[in-house]
Structures are given as structure tokens and as C-alpha cells.
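There are 4 protein chains.
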Amino acid sequence: MPRRPATADPLPAALAAPALVSGAPPAGYHLQFASDNTAGVCPEALAAFAQANTGFAASYGNDDATHTVCDRLREVFEADAEVFFVFNGTAANSTALAALCQSYQAVVCSDTAHVHTDECGAPEFFSGGSKLLTVPARQGKLTTAGLTEAIERRSDIHYPRARAVTLTQSTEQGTLYQRGEISGLARVAHAHGMKVHMDGARFANAVASLGCAPADITWRAGVDVLCLGGTKMGLPVGEAILFFDRQLGADFAYRAKQAGQLASKMRFVSSPWLAMLEGGTWLRHAGHANAMAHRLAEKVAALPGAELLLPPEANGVFVSLPEAAIARLRAAGWAFYTFIGGGARFMCSWATTPEAVDHLAHDIGAALAAG
Amino acid sequence: MPRRPATADPLPAALAAPALVSGAPPAGYHLQFASDNTAGVCPEALAAFAQANTGFAASYGNDDATHTVCDRLREVFEADAEVFFVFNGTAANSTALAALCQSYQAVVCSDTAHVHTDECGAPEFFSGGSKLLTVPARQGKLTTAGLTEAIERRSDIHYPRARAVTLTQSTEQGTLYQRGEISGLARVAHAHGMKVHMDGARFANAVASLGCAPADITWRAGVDVLCLGGTKMGLPVGEAILFFDRQLGADFAYRAKQAGQLASKMRFVSSPWLAMLEGGTWLRHAGHANAMAHRLAEKVAALPGAELLLPPEANGVFVSLPEAAIARLRAAGWAFYTFIGGGARFMCSWATTPEAVDHLAHDIGAALAAG
Amino acid sequence: MPRRPATADPLPAALAAPALVSGAPPAGYHLQFASDNTAGVCPEALAAFAQANTGFAASYGNDDATHTVCDRLREVFEADAEVFFVFNGTAANSTALAALCQSYQAVVCSDTAHVHTDECGAPEFFSGGSKLLTVPARQGKLTTAGLTEAIERRSDIHYPRARAVTLTQSTEQGTLYQRGEISGLARVAHAHGMKVHMDGARFANAVASLGCAPADITWRAGVDVLCLGGTKMGLPVGEAILFFDRQLGADFAYRAKQAGQLASKMRFVSSPWLAMLEGGTWLRHAGHANAMAHRLAEKVAALPGAELLLPPEANGVFVSLPEAAIARLRAAGWAFYTFIGGGARFMCSWATTPEAVDHLAHDIGAALAAG
Amino acid sequence: MPRRPATADPLPAALAAPALVSGAPPAGYHLQFASDNTAGVCPEALAAFAQANTGFAASYGNDDATHTVCDRLREVFEADAEVFFVFNGTAANSTALAALCQSYQAVVCSDTAHVHTDECGAPEFFSGGSKLLTVPARQGKLTTAGLTEAIERRSDIHYPRARAVTLTQSTEQGTLYQRGEISGLARVAHAHGMKVHMDGARFANAVASLGCAPADITWRAGVDVLCLGGTKMGLPVGEAILFFDRQLGADFAYRAKQAGQLASKMRFVSSPWLAMLEGGTWLRHAGHANAMAHRLAEKVAALPGAELLLPPEANGVFVSLPEAAIARLRAAGWAFYTFIGGGARFMCSWATTPEAVDHLAHDIGAALAAG
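As you go down the protein sequences, you meet chains A, B, C and D in turn.
Taking the working numbering, the leading residue of the first sequence gets 1, the next gets one more, and so forth.
Taking the working numbering, the leading residue of the second sequence gets 1, the next gets one more, and so forth.
Taking the working numbering, the leading residue of the third sequence gets 1, the next gets one more, and so forth.
Taking the working numbering, the leading residue of the fourth sequence gets 1, the next gets one more, and so forth.
In case anyone wonders, no lab produced these hints; they're calculated from the structure.
All C-beta atoms, glycine included, are put in the ideal place defined by N, C-alpha and C.
Don't take every hint at face value.
Here are the computed distance ranges between Cβ atoms for each label pair [unchecked claim]:
1. A:Gln-247 to D:Gln-51: 38 to 44 Å
2. D:Ala-47 to A:Arg-138: 55 to 61 Å
3. C:Pro-26 to B:Gln-178: 26 to 32 Å
4. C:Asp-64 to A:Ala-191: 31 to 37 Å
5. C:Asp-64 to D:Gln-51: 27 to 33 Å
6. A:Arg-153 to D:Ala-47: 42 to 48 Å
7. B:Glu-323 to A:Ala-213: 51 to 57 Å
8. B:Gln-51 to A:Gly-280: 37 to 43 Å
9. A:Ala-213 to B:Ala-27: 55 to 61 Å
10. B:Gly-55 to A:His-190: 41 to 47 Å
11. B:Arg-246 to D:Thr-54: 52 to 58 Å
12. A:Ala-215 to B:Ala-331: 39 to 45 Å
Quick look at which bits of chain C chain D covers, simulated, 3 or more residues with Cβ under 8 Å [claimed, not checked]:
13. 49-62
14. 103-110
15. 205-217
16. 253-260
Listing some non-contacts, in silico: residues in chain B with all C-beta distances to chain D over 12 Å [said to hold, decoys possible]:
17. Asp-71
18. Ala-98
19. Ala-99
20. Ala-213
21. Lys-257
22. Leu-309
23. Ser-320
Looking at chain A on its own, in the form it has when it is part of the complex (with noise of 0.2 Å):
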């Protein structure tokens, strides 16, 4: 497997600092805001996993559960989607853009897309070379400035023409599209005759800030795709990718099963996700993990040192550090990473507690205190 040194900011072995918290400290403890991954799966998801495991079911999606949950997805958008599941979000986005494009037209992200920086050339490879052409993120979003000034930044043969453009919602830096920007976008998309596609890796964090309707910043807004986070959410592995137009995902059963992405045992890639879909399950524990990021947001505020990179919208804290207290930080066992949005990053999650946010918080000041 990748070994250690392969990550960017290298994870501390052992687990230092002392708990504040009472009791021990759950296990990997001072992982937790490194990212929303971290974290195990919900109870939910859980037992609906153990649930689904009942005598034999057909393989390869053609199982009850399975078509349920498409069905039960189809109702939360209110649209009549095509409905896929894949294993993770790096496939979820490559093989839907693949979808919209030929392997010699372009996709339109900004600079920070997941995509862009952290997909290793997924997207270039499941398109067989379409190229990205980035736009400055302003607040981590794209703007129709942006999207316009790419598409028409050429338009001969030497150049791919733009297909595509993808938003990502909740985004990189922790911001949400508002939905009449999401809608402002696609207007520019569509009026070029291209497709609109949204990572939706953080999706529900954004659904659970805005108290919208999941359809209203996807195909109300005008998104032609969505790929909607399943892990980050609290499941084990799997993404759902719904094709509002469904146009775009008619031979996509295919592209999916070539491209490795077809589960034999796909009930347990889906039932997990039922249980989230359930009275709103998936809304309630994205709406913790926002909450736990503003909590931990009010308090790194205060603290006199720190400064806030962005407003926090979802379920990501963006801080500028002095290179001291992170190091201190660092050396006090907690993992975070430095390269993403330009400061230091801190995920919550859905397993994240308000005493492990405290936790951080109160090391976060006695870091910048050390001077």
C-alpha cells in the first residue's frame, strides 16, 4: 500500500498530547480533523450493512435493495434520475465526466478543484485526455466571469473546446454555491451548449447548511449530474452519481462495469445508504459535523493569532497560523493538513464531539500562546 511518506503532511505514529476529555480517548483520537474520512460509519450505516447481509441476493445491482434505494433517491430529488453506484469519489467524478466529454473537448474547474489537485489525472484518464481548464476560485468558488473568460479563451482546433464544468458543493475551502449561483453558472454552461456536473463529495453538508431542497442546487439550479458523497456522510465506501438528464447516464451501466466500478455484492455498496436517507438521517449527522465546525470556528476566532481564511459554511475550518503553532500543533500530536486552501485545515465530521473541538480549540490557543 502507499507507504507513509507518500502523504503530503506525514500522519504522527504514535498518538501524543493527553486527552482532555474524560475516559480514554477513542482509538486514532487526534486524526479526527485531518479529514471527514477519518471517521468510522455512522450507526446507521452500520446496521443497515449487517441488515442487508440476509440469505442471497442477484449480483451486480439487479438486487431489491438495490433498485429501493434508487427509488428512495429518486424521491429526495424529486426527479426521475438515473441512479448509479460507484466505490469512491475519484471514480464517481472521472467516469461521470467522461460521460459529457470526449477525450478531446475540456471540463471547466477552478484551481482548486478535487479534480484538479487531488484526483492523481483521474479525470484526464477515464476521458482519455480531456483536458481541465482551471479558472481562480474566489472563496473557493467558481465565478461566471471565470467559466466565460475559459470557454471563450479559444476557440480553433489547437485548443479543446469546453464541455464541461464542474462545482463543487460543499466546496474545497469549506464555502457553499448559493443556488442562484449554481443557477447564474449553468445558464453560461448551457447557453455554450455544455454540461453541468457537481462534486457533490460534501454535498449533504451543504444540503444541511442551506435547509433547501436537495433539488433546488442540483437540477432546479440546472446540474446535469451529480455525484453525491457517500463516505464522507458516514458510509463505509460507495458514491451515488444521479444524471438528472437521463440522457447523459443511458449506457453508463457499461462504462461503470469497464471502468472497474460495478460492485458483485452491491447490496452492501446500497443498503447502507437507505438507513441514511431514512428521516433524514444523512441531513442530521451533516448538520453535527457543521455545527461542530462553527463551534470550533467561534473559539479559533477569539484566539488572538489565529485568523479565519473563509467564512465557514459547511463542515471545514480554514485557519492562518503562524508556522510555530503548527508545528507545536503538530508536535502535540494532533494531524491536519497545510496544503489545501493555504492554511491550516480542520475537518468535522459526523463522529466529531464538541469536547474534541474544545480539545483542538484550547490547543490551538496554547500553541499561539507558545509564541
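Dock chains B, C and D against chain A, hints included.
Here is chains B, C and D on its own, set in the frame of chain A:
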């Protein structure tokens, strides 16, 4: 998701025929012989999955559990192999072959090889165009004569040069390669500067049947890369790739990431493996599946009108049946494929019970008797 | 460059045997039947090439000459086709097929198709993994029965769905598809939502032999895309691609550019075409090549011990000869292939002379007589 | 073919302005500064092309002429390089880079590199997804600081590792890399296990300008692979690729074949090269083009309102002109690009005459004077 009609043999929506077994039959009872992937997760794997859900863990395979499983696999195979986990068998085979071949080179395989007949062009996709050179299988196996012919078929630049050979162990026809057959094929391949890949989707069944050390039919016999099946063994998702020649796997972490095959919450893919490897659980389950297949084969062989196509050496039974009998069996609710191996294919798994085998055998007999 | 050993049949370094013809034989005399591409550039094409070298011209196909040639091709084919020029036949076939298929779809072809046997995996490469589904050829041709079998072979997502069929006219075995055969195959293909591609590397020979209008055996018979061979006709480099269904070629300019197939000084690729199309020069040369093949066939048919494998309908003659005779012919300096079409292949071109044909026939007779 | 609107700067259909030169201007007179590929074939190349048209020759590069040209190139470069010919520059760069990189690795280039800005994603296509990591150019050149930053930007598996660097000599901005600059960049690349690729579309202009041995600014300075431009030098079609590290080119013949880059009548691609290399013809023509560029630069520099963006070191002149002047020049019929290098680009070729340079300079002056 793929619509039901998308499967070659439509699986029965409802489950007809009354069960012979006492008590209600488990869900999907009649689907159990359709494939070894209609079974669920074995108890040991499920327990390990749940136990892995404690606290927080480093993502992308940097967690301790994953490192432990990799070490354990190295022990089981008595080799310092580079170990990686991917999501399914198609991805395992295709990314591994892509690591052995350039797009302008070729892979030799039998004309019944899963990579050629059931992966929707995935090997060609992941390699960027490597051609599969097929050789007629004998009892589901490649022969040295066939391999040699394929290698020497052409030597000009208008035809791709063979760079790898792939063997399936156990084969798609339920047969096994003896150690000597593997080393014989490997000798031919290596003599031509080729690498040897093994599709081990059912490798456990082979080891259990041959009663040999895993090393004996892999690296000791000349296999360079093994794709070790987990799902058919009883896992929910996830296959292992072992590069016995570490050099071949040097950069594989990047390839897997780009190919959308790197799990963020890797512990849930890897931990269940540990339970399987503890105390030979994987081989006990595989041995049970093999035993069930033998039980079925014996009973079927005794039926007038039924003919075993090949001696069952692993967990699959291939029977030649009259069309009318096939129709009656399906009417009775049984699901099975007929386009693989030229007859009716019945697969057994860790979850198959003697009662179910007897029930199926009884129904086959009845279907035949009905003339 | 490819080392000589890299060719299947090593071509003789020196040119042995004395010439029967008066005067010194032209350079490479004994190579002339090895392929129709060992011939040079016909006088008309060479003159046009030189005449194109006046002053300055817009590059990348924006020059007037290129536009004129495209219009002329539209006239010759009586169709408002989208026309493009690429550098060679492998590129023409592969980029055209890639325009018809997605990576997870398949192309049906005969097992003797050049795209399958002599392009080193180019179709798989340019399409990103499309599989070629082969069908046994009958007299070098696809049959509707074979095409139907390939299409209906499988209908599940584990097997690529056939999206295109490719016919070679004239075939790799020197035979021809009659208009009715083409429309019959096209009807089957279109009925299954497939597109029809024609590999016309030797299309001119077919038209000259059938004496029909180019349209009769292309779009009027259901062909959607034709790759029209220029090199074998007598050009130095460059093939034309005609999309009779303009929609299929809508974005092809970008595909060709990305595929490294857009000539900057396009006028030198396109202008010679104009000379070929003037006054039917292309058909006159093709007719001559066909006549030479018939002359050779008649003489060979009369030789005891030689057997024509197929009736020569275009410019190739395929003869079954004893190994000893083949060896003697090679010793006499003659170069020819034996791994295509199962016998000795002798190709005629615009440059083949009756004397050379008679000389070869004489040497074949002598080789056979030597017993 | 690509419709005229498909070019960034529509080229004037008609040729306006009266010629200053005596006699009628050559065809396309006003297109001559648009690019060095609007010129035709130089006399020496045309003669060689015609002389190559004698008798029959082995195809696919097995002819004697091709082997002779390869040997001659080895002499000129004083290196036992593996030499191949492909059809155009996009193909040369892309196939060469694909030979250096796997799909999950990256290529470092300047943000003005032709491979990044003008090849429609060809490098990504041929490599199957390799990402181009751009670095801001300084005077059109990569700097060791920029290269180092790109290499060390990230070291985790979510970002492709840099495996090659590409330099353009002479650059897209008409500047030159000094020998020391190349060896400095190569030292950094090699220290990181990377290979050095040179895009030599205008390599001849660089050698002519620097007056050095071709080896001095290639393998002696650490270049591993050179794509040597033929078309801009005065050939009709065809570029050479020299692998100074033979190992890197070991299998390239197969790659070129699969990529649709192997000419059947290779002699017509290779023979003209021989004429260019005889007696330094290639450098004489390149030197003339450079001289014309200097002549133009001197005259333009003297014009009030015009500003040279960079000192012209090869055959291109980049001038900053007011929009109004640009419009007047175009109205006068002159074709030139403005989206390359941030100003008006005027390219000179082997065919550019002093009179034409003076005519253009005069019209630029007039356009500026008109205020």
C-alpha cells in the same frame, strides 16, 4: 442501475418452488447457485468489519489495520510482496495487467478467460489498448502449446508483442491448474521476456482443493502478480493484489489512485481480510464450497440425462442438460447461467448448505424425469 | 526505425535473379509484389504535389486547395459528406471507429480484418478500449449470419455492446463485397442501432472492378463512414475520411488534431488527391492494378501445383504453393507475404508492368517445376 | 475539414494591399508571417522527394533511404540515437512523452509550452492521462526554480509525480535556451529521476542562431529525447524523434505503429531529410529565417508606438501594437496571430524575402502612423 434485462439470463423476480428444507428458506434462496457472489458476507468478515469501526483511522491505507493485513498476507504467501487492495475483480485484473503491459503490447489468455469474456473491455481500457491474444482453452486451461503459438504467431510491428500471460486459478470452468502446469507456462512466458499474471478470483478454492501452500502455485511456480479474490471468499467488497516481483508494483499506489481504486476508509476494506486469514478461515470456507460442489456433482452424475462437462475440481459444477430440463428448472425458480462453459453452471459458496444442494439435485432430477 | 527482423517475412537485402525484361530492372524490382505500397507515387500525383508548392498557403487545411479537394470528393461520391484527411490507413480506421464507439462498446469485424490483425491494437488505443468482436470470414467477407451472431452473442453489461461494424472493400483476401452484400449487412447493423464503417484502403480497386458509382457501394448501400485509401492508389501519404452522416463527423476536426493527424502543410497531402480525381485517374490506375492481378492469376492457375485460394476480384492474388516452391521463389529474390490469407500473396499496383507479371509467373512455374 | 471559423484569428480570404515588390506577389503573399508553416517545401527537399520516386522500395521504414537518413542524423548529432519518423509535431511530442511517462505521472512544462496550449490535449491523450504541470515561463523559458517548485509541489499519491520535463527550443516566444540553461534544468530533472524531452519544432533555428553543435544543446546538455522539426524547416511533412537514451526508444516502433504514425511509403517522408542534412542545408535555411526576423525586428524597433516584447533570438518577432494598428494591418491583408505570446507574432521562414520583410515593416509603420 443496470436494468434487469441487462443480465444475460434474466433472474426470476419471484421465488417459485416450495422449499424441501424445514423452515422458511432464506431470502433469495433460489439465486444461490447462480454465482458465488449471490452469497452474503461470512460471519467472521462481518464481525471484523464491525470491530474495525472504532474511533478514527488514517485514510487511504495509512491505517494500522491495513498495514497489518498486508504483513499477514506476506506471511501466508511466504513472500515479501507489494500488497494493494482494490474494489473488485475487474479492477484488480485490469490494473495489474496494465502494470505489466504498455498499450502496444498484448496479453495472452484462454478464450474462456473472464478478462476476455466478462469484463466489458476493462483490460483494454485500463491498459490504453493492449490486445488480448486468445488461445483455445483445454478443460478451461491454457496449454504451453497454445501459449507458445500465441507468442510466436507474429513477430512484426503490425501485431502487438505478447508481454504478459494471464491464468485463472481456479478456472472459469471449475478446473484447476496443477503446480507443474503453472510452472510450465511460466517457464515459456519468462523465456520470452513475459510476465505471469494470475486471476485468483477463486484462488482460495484452488488452495483448499490442492491442499498446497499458496506459495506453491504462485511465486514458487513463477507467478509474478496475483489478483486474490476476496468477495467470492465471503467478503463484502475488495480484492488484494500481490506483486511478488516488488519492482512491478513500485508505482502501483499511484496507478490505483488514478484508477479510482483507492478507498478513503480503507480499514473497512482491509480489516475483514484479517479475519479471513486468521486460523485458515478463508480455506475452511473455500473447502466447504468445494465440498458442496462435489456433493452436487456426485448426485447429478447419477442422473440419467445429465452429463458433467468437466470433473469439478473447485466450487463450480458444469452440467449438460436438455433445453426442456433447463426451462423446467428455471420455472421452478432456480437461477443459473448457461452461457458460461457451454452448459448449466451451478456455483457453490461458503453459504451453500447440503440441504440446498440436495434440493437442487432433486429438482434437476425431476426436470430430467419430466422428459 | 523498426529493424528489418521486425518484419514477418524478412525482405531480401540484395536483389538476386536476372531480369527477363530488357534493360536494367527498376530499383527494388523484386519487392513490387510484396505489397501495393512498395510502389512509388504515380506521375499525376507527383506533378500535383510539385504544383502545390507555389507561394504561401493557410495551414491546417484552411488552404483553398484542400477545400477544393473536399468539394471534388463530395461530387465524386454524390454526397454532402464531411471530409477529412489523415496521414495513414491505421489512423483513418482507428479515428473513424473511435468517432462511432465509446470505449465500452464494440466493433464487429471479420477475423481477417486489417484493423484486427495488422494495426497493433490501434483501434483499441484510439477508442480507449473498444473491443473488436471477430466473426469468421467467408471468402474474406463478413456474412449477415456472422454479424447477427456477434451482435446477439451477449446482451449483458459484462460484455461490450456492438456499436459499429467494419467492412473492408476490397477485402484483405482480394475479394469484393457486392452492393447487395453491403446493404444486407448495413440493414442488420442499422436495425441494431449500429453504424457502418468501411475500410477502403483499396476502395479504388473495388470501384474499378465493379464498375459502379462510388455512392452505390457506400452511402447508398448504408455505409456511414468511409476511409478512402490514397497511398495504395499512388499517393505518397494521406487517406481521406468521408462521413456521409455529417453528424458523426461534427467534431472530428478536434479528434484528428488531438490524435496527431492534422497536417500543418495540408496542401501537400490534399493536392495530389485532386490529380487522382481528375478524369478518373484514380480508377484508371486501380483498373490497371486489377488487370495485372488477373493476368497473373490466369497464368498461375495454369501451372500444375499452384492453386488459387480465391478468385482474384481486385489487385491481389493468393496462391497456395508448396513450401519448397516458396523457398525457391524467395531465393530468386521475390518478396511476398505468406501469413496473410493463408497462402502466398502477390499484390499488384499502378506501377506493375505486364513484363513483371510474366516474369513472376515464369519464376513461379520454374519454382514448381523444380519439384 | 476544420471550417475557417475554427481558427483563432480568421485568415483573410482575399489578399488586399498592393505589393511593394516588383512583379506579382506569390500566392498567399500576406499569409507568410502568420506561421513558418505557411511556406512551401524548399527546393532541396522537393528535389529529393522527386528523386525518391524511383522503382519500388520496402515499406514501413525498411527501405535503404530511411536507414541512410537515420545514420546521417546519428552523424549530425554525434550520437548512436534510436531514430524514428512520425508525421507531425503534435504526434512527435505526444508519443515521445508517452514513452517517458505512465498515465499516472506528470510532465513539467512552461505555461506557454505548445504541448500545453496548442495540441488540443494530445499529450494527455497519447499518455492515457498524464497531467501537465505548468510553470510560469520567463522569456518563454522554464527556470530551474520553477521546475524545482513543480517537482516538489506535492509528494503524495493524490498528485501525479513528475516524470519528465519538456523544453521547447527555440521557444514559443522566439527566445533560446543557452546550453548552460538546458544542462541546469536537466541536472535538476535527472536528480529527481526524471527524463528530459525537447520540443524541437524550431530546433534548426536554435542551432543556426547559437552556432553550436546540435549535440551541445541536446544530449551533451542532458536532453534524453529530441523531437526534431522537419516541416517548419522546409519539408512537406514529417518530424524526427531521436532517443539519445536508446533504452527509452526500445519499443517505440510498436508505439508509433499503434499510434497511426508509421508511414507505409516511408521513403517519401525520410528522403527529403537527407537533402536537408547535406552540406548544412537545414541550417542555411534556418539561418536565413533568423536573419529575416532580425531584419524585421530592427525595423519595427525603430517605429514609434511599436515595442518588441522580447529580443528575437530565432525566427519569430513578437511586437506589442495598439489594437487600432492591428486592425489596420489586418485590413491591409496581413495575417498573424495575437493570442500567442501576448502580442502580434510575425514568423519568418526559409521562404521569407527581404522585400516582404520591408513591406510588412512599412505597413506596420503606416498602421501606427495612422494613429
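Structure-based check of each hint:
no.: 1; hint: A:Gln-247 to D:Gln-51: 38 to 44 Å; result: 57 Å, violated
no.: 2; hint: D:Ala-47 to A:Arg-138: 55 to 61 Å; result: 60 Å, holds
no.: 3; hint: C:Pro-26 to B:Gln-178: 26 to 32 Å; result: 60 Å, violated
no.: 4; hint: C:Asp-64 to A:Ala-191: 31 to 37 Å; result: 34 Å, holds
no.: 5; hint: C:Asp-64 to D:Gln-51: 27 to 33 Å; result: 29 Å, holds
no.: 6; hint: A:Arg-153 to D:Ala-47: 42 to 48 Å; result: 43 Å, holds
no.: 7; hint: B:Glu-323 to A:Ala-213: 51 to 57 Å; result: 53 Å, holds
no.: 8; hint: B:Gln-51 to A:Gly-280: 37 to 43 Å; result: 29 Å, violated
no.: 9; hint: A:Ala-213 to B:Ala-27: 55 to 61 Å; result: 34 Å, violated
no.: 10; hint: B:Gly-55 to A:His-190: 41 to 47 Å; result: 46 Å, holds
no.: 11; hint: B:Arg-246 to D:Thr-54: 52 to 58 Å; result: 55 Å, holds
no.: 12; hint: A:Ala-215 to B:Ala-331: 39 to 45 Å; result: 44 Å, holds
no.: 13; hint: 49-62; result: holds (count 13)
no.: 14; hint: 103-110; result: violated (count 0)
no.: 15; hint: 205-217; result: violated (count 0)
no.: 16; hint: 253-260; result: holds (count 6)
no.: 17; hint: Asp-71; result: 20 Å, holds
no.: 18; hint: Ala-98; result: 8 Å, violated
no.: 19; hint: Ala-99; result: 9 Å, violated
no.: 20; hint: Ala-213; result: 33 Å, holds
no.: 21; hint: Lys-257; result: 5 Å, violated
no.: 22; hint: Leu-309; result: 38 Å, holds
no.: 23; hint: Ser-320; result: 42 Å, holds
Going through the hint list in order, the structure does not satisfy hints 1, 3, 8, 9, 14, 15, 18, 19, 21.
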